[in-house]
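**Student:** Quick mapping for you: the protein sequence lines, in order, are chains A and B. Mind the numbering: the first sequence is residues 170 to 1077 in this note's numbering, read in order. Mind the numbering: the second sequence is residues 37 to 520 in this note's numbering, read in order.
What the hints contain is simulated information worked out from the structure, not anything from laboratory work. Note that the structure is a prediction, hence the values are computed from the model and not measured. Do not take every clue at face value.
What the hints assert, rightly or not - In the DSBU-like style, the derived pairs of lysine-lysine whose C-alpha atoms are separated by at most 30 Å in a straight line are:
hint	chain 1	residue 1	chain 2	residue 2
1	B	71	A	212
2	B	385	A	569
3	A	463	B	385
4	B	385	A	630
5	A	430	A	870
6	A	463	B	183
7	B	341	A	951
What the hints assert, rightly or not - A short list of chain A residues far from chain B (calculated; beta carbon distances all over 10 Å):
hint	residue
8	464
9	570
10	685
11	900
12	1024
Ideal Cβ placement from N, Cα and C applies to all residues, glycine included.
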Amino acid sequence: MLSMFLGLQSSVVAQMVDWTREVLPILQTHCIACHGPDTQESKLRLDTMTEALRGGDSGEPVIVPGDSYRSYLVERISSTDPKLRMPPDSDPLSEKEQSLLKAWIDAPLLWTEAKDALSKTATTHWSFQPVVRPRVLDPIDTKSIDTKSIDAFIAAKLRETGLTMSQQAEKRRLIRRLFLVMHGLPPTQQQIDHFLADPRPEAWNDLVDLVLNSPRYGERWAMHWLDIVRFGETDGFETNRERPNAFPFRDWVIAAFNSDKPYDQFVKQQIAGDALGEPIGTGFLVAGPNDIVKGQDPLLGLMQRQDELTDMVNTTGTAFLGLTTGCARCHNHKFDPISQSDFYALQAVFSGVEHAVRELPLSQDASRRRTEIDAEIESARKDLLPYTRQRGTRVAVNAKENLEDFPSTEAKFIRFTISATNAAEPCIDELQVFSDNQNVALASNGASVRSSGDFEHPLHKLEHINDGQFGNARSWISNVRSGGWVEIQLPKTYRVERIVWSRDRPGNFSDRLATDYRIETSLDGDNWKQVASSSDRIPFGDGKKEMQYDFSGLSEAELKAAKSSLERIPLLEKEKAAILQNARAYVGSFKQPKPTYRLHRGDPTSSREQVAPGAIASLGQLQLDSTSPEQQRRLAIANWIASSDNPLTARVMVNRLWQFHFGIGIVDTPSDFGANGTLPSHPELLDWLASEFMECGWSLKHMHRLILTSMTWQQDSRPRNEAIQKDSTSRLLWRFPPRRLEAEGIRDCILTASGKLDLRTGGPGFSAFEVELENVRHYFPKKDYGPADWRRMVYMTKVRQEKDSIFGVFDCPDGSQVTPKRSRSTTPLQALNLLNSRFVMQQADFLVERIERERGSMDERIRLAYELCFGRTVTDSELAEAIAFVAEYGWQSFARAMLNTNEFIFIP
Amino acid sequence: MQFDRRMFLGYTANGLSGIALAALLHREGLLATDKSPQPPQIDPAAPFAARPPHFESKAKNVLMIFCSGACSQIDTFDYKPELIQRHGEPMPGGGDVVTFQGKQGNLTKSPWEFKPRGQCGKMISELVPMIGELADDLCFIHSLTGKTNTHGPGENFMSTGFTLDGFPSVGAWVAWALGTESQDLPSYVAIPDPRGTPQASVNNWGCGFLPAAYQGTDFNASNPLRNLVRPPNVLPATDEATRDFVQRMNRRHLAEFPGDSELAARISSYELAARMQLSVPEVTDLSTETAATLKMYGADDSENKLKASYARNCILARRLVEKGVRFVQLFNGAYQTGGEGVSNWDGHKQLQEQYSKHGPVFDQPTAALLRDLKQRGLLKDTLVVWCTEFGRMPTFQAGASGRDHNPAGFTAWLAGAGVKAPFTYGATDEFGYKAIENIATVYDFHATILHLLGIDHERLTYYHNGIQRRLTDVHGQVLVDVLA
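Chain A with its partners taken away, still in its complex shape (with noise of 0.2 Å):
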């Protein structure tokens, strides 16, 4: 007996029911038939005190030890709800067996063996034990073990079946299908022509290091990733707004792989990269959609929230550990160790992100330039200080957005005073203090804010001055319609440049706006120095400006002068705005979030207890609490993620790069390693790769150059009859699977085809659309195409819903949801889409064009055709059958029909 050991407590002892004379009995009597042995209703198991305290699917505390009334089966057996109350369909417990469990589950002493036991109980899922380097099964070259390797792993599996390789594949087949996997593009003639004449054995290596080094290798492989983060540049739902600065997220993807940055940083730069020196990552966080309609209803609000927070959640765990983590927002997760709180601590990492644009700091050269501006502003309006007619030379104040440039100086308070508006008592959404660039008077930042007076509204709140957002709907209004003075103190003193303040920045507003006022700065709040003010501005609703200048009576030299200097100012205004304007991205923004409660079925609204920030608690541990500073929870988690000892990371990257080889990958659910994932088909391997991956420093373009240099990979993709009966799908890799390119391939082999593919990189995206700006936007499918469509698809701008009239029934994802594995489907609208759109008609009459320019005969014409689409010599008969087509039905339907070739967009 317990109690026995336990004397010393009596009063506690006192209490302490017996489990197996006293709880069981009532258990078995009630509960045990459904949550019992053989049957566990709900996964949840009472005939042990171990499965008792680990609960069910609903993620519910079943036993809080010591605290019955915090006790989910407590709250259910006493229910008076007939619906909910357990046993179903029968009478209640008595008051007398209600009293005894509650008293067993009151004592905290009996469970400290359950609580123990339940601690130790380790996960035995494959995914989830360390990563071991097997031993490499058949060495059967010395010289370059590695790829041996890989080539000794799928052999020994073939073994196995009865099977073999296939022989190595020609090298045209090869250097196509590397180009086309690598980079989604052919390759030239001349890189065709120079392979095939190279006898070298390296001559392969070479041309995988060259394909690896190209700038198009990035490109190829980002889409992959942005599939893999939902990334998309409009905001989804009803109104699918544009985001014209989500594109340096893309950008920086991009440049992530091109320069091979090491993958443990590259996950942690995009949860933390704001603590890292690397601002555009975060973009990850806030790649997804996000509804913008924010109705009155305040339980919409709360549903919005939660779902912006499930999508981030949702989308770490899919991209970086393979586990489906949304699963658990309403109850525990049904195959995974991943319980409902983990959900909740997960959350309670991400919950001070908000979908928003983030300014960044300035490059050195951006900054220089701005500083200059600032000097040519300055010196203009100096030289036209004498004409002025009116007092004030600076742009009218408007409602929009307002920038007050000072010299900088050292503050800890700021002032801003009104005395007039345009109409009513005063209203401003945000005011930003910039020191170095950053927005310090964030209450994130630790700024805090009074004023003369509020005026009392649900949208409009002293605290929406400094929260970061914009808008009507996070303003404040000074109560008195003569003016007010709202002040803002910052956490210490800064170097304070500018100011920038608006009445309502998204421009649906313009009343109340301040058209008089003064901002003061001070070091103690008590001596005040005017650092701005409207003095200097052009009045509020004046005309035209050169009406604020007399220049009469000047020399036409002097009035040329001075007219040179007017016109400068607004050329320098908007050259500043655009520099600051690059300084600005779609990458969220942060702030200390208020506590994280787990929710009753993920409703909003059934708040239960407080959940700390943290990682799964099956795999992990962060030393954080409900107090740790927001960043630091990020940062933890990424730390965590991209561990060594984290045994999915590696695994889960290893095999997203054998599926884009290979178009399946070793596991085929690329994000859920979980337990309803499938099984790896080569777990050596994959643990092997995963291994190599973090031994060679996280380094993809080694694991890139390791497959590449295989046996397996350079093996031909010609059908065999006895393997293809034993193993259909190719599965264990007796050839390369051949299979169709995706849209964005299909596209750009097109435009090279044509000649027309501008390489340009980088910056903001062409659009496939005519946009009807609504409040609700409307896409249209272009009808006319010009050189700025002529870029490669990733640069396609990224509208959520609306895919790309042409290319996106290619099974192109349009960022809704992750997209782990590309379906790969095939319509008869693909069929018409490549038939019959314009913009195919047209790159078909460019392919003509360019043909009919680069060679003189027919049969040269054709030959070159042949070239540029499927990269290799046409045989005699295809030359004879082409020439007797064309002379038919001409150039155009010979060009059209190259373009709708199985061999033109099959990767062979």
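Go by the hints and put chain B onto chain A.
**Tutor:** Just chain B now, kept in the frame of chain A:
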């Protein structure tokens, strides 16, 4: 009645023969104990081939009519005498209700009078009199409840079962499950309103994570299918010869990869495309319709061009159903060309003025479509579904003359194969605000639609991102009472 285990036990306890009931339900697939996934077996070379359902059913195909913008149940099908009596009074307990656009004003009766219709005497408003005449063929569900009060997520929810973007539409699930009887038309056609697309736009007929082959192909009587016809400067003979030339090259290429199903599928997709080039213009060409038909639909209405245009879409819908297209989705209302209330059913501010325009556009053509399907015998194997994203309030908004969003109780109706009619299922409270009797969810509604097609909603699953995904997520009970 929703059917669940507890109720089953209740029945047997009440003396109804448990065995007889179980046998009945088994045949209907309602008590299948095996709930393991049973996705369709799809031959990659013939992705559109007709496939058998899970169990036998009357309905073979679906016509779904979607009124976009949230069509008010209060002003159409949900008759509430108490609301008429207490017109102008505050709604009891409604003082603190804050809906999408804000606070509520007083209870407001519909500007349209309700009258008994058909043999059954169902009370239906004067806004939709011709649909009302068909009351005996309709099965109303008055107790639907949704999860959101915003249009985009609401339309997503009604069309895909999820409020978020990126999930497959009902039509895509059905096309994936059953393929199509028509081998020269798409298996799933969405017919957008003449005024443009609804608020959630292409999400309403998207394929989500299902293969692209199963997404809805959108065209209507005035906007043809994109890229269907040969390019303008290409002669028909040249076009045909070019396609032959492509196929010759493809077959030669296939000879190098004998038995590769993806290459073979691509060859057959070009053949289907060629057939579609003939069959789609044929099906959209309404010139073969008689003057009487055009008149019945209102397609000849020269006064109301919009109505004539929607009527032509209705005729197109019938023609598609006739040709064996598996799933036809017909929209009334668009966000694109006016938005809130102007071009759709979103009557926040001037309900009477706006609905007075929408009612006549919608009523006659839709009623004619039902009549026409019936007289041609098509209702025998076609399920007709009318729905909208959510309902509206029995009150007018504070300071406005229209109704705000209300997902707490709204109406849809079914007709045709396998549906009990005339019938009314479920009810809202005395004002039409909240569902209180036989409360049904959109999941139940979807489960019922699939059931009517012979599909067990729990077994039609597609693995995506860690989950065997279903149209009905983890919810849904077939509404057994509405089955014939």
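**Student:** For each hint, tell me whether it holds in the structure or not.
**Tutor:** So, going through the hints one by one against the coordinates:
With a C-alpha separation of about 17 Å, the suggested pair residue 71 of chain B and residue 212 of chain A falls inside the 30 Å cut-off, and the hint holds. For the proposed pair residue 385 of chain B and residue 569 of chain A, the alpha carbon gap of about 29 Å is at most 30 Å, so the pair holds. For the hint linking residue 463 of chain A to residue 385 of chain B, the alpha-carbon distance of about 19 Å falls within 30 Å, and the restraint holds. Between residue 385 of chain B and residue 630 of chain A, the direct Cα distance comes to roughly 28 Å. Compliance with the 30 Å bound is thereby established for this hinted pair.
Restraint check for residue 430 of chain A and residue 870 of chain A: satisfied, since their Cα atoms lie roughly 9 Å apart, inside the 30 Å limit. As the CA atoms of residue 463 of chain A and residue 183 of chain B are separated by approximately 15 Å, the hinted pair is consistent with the 30 Å bound. For the proposed pair residue 341 of chain B and residue 951 of chain A, the alpha carbon gap of about 28 Å is at most 30 Å, so the pair holds. Taking the minimum C-beta to C-beta distance to chain B, about 4 Å, the non-interface status of residue 464 of chain A is violated against the 10 Å cut.
No Cβ of chain B comes within 10 Å of the Cβ of residue 570 of chain A; the nearest lies about 27 Å off, and the non-interface call holds. No Cβ of chain B approaches the Cβ of residue 685 of chain A within 10 Å, the least distance being about 33 Å, so the stated non-interface status holds. Listed as outside the interface, residue 900 of chain A is consistent with that label: its C-beta sits roughly 15 Å from the nearest C-beta of chain B, beyond the 10 Å cut-off. No beta-carbon of chain B is positioned within 10 Å of the beta-carbon of residue 1024 of chain A; the least distance is around 20 Å.
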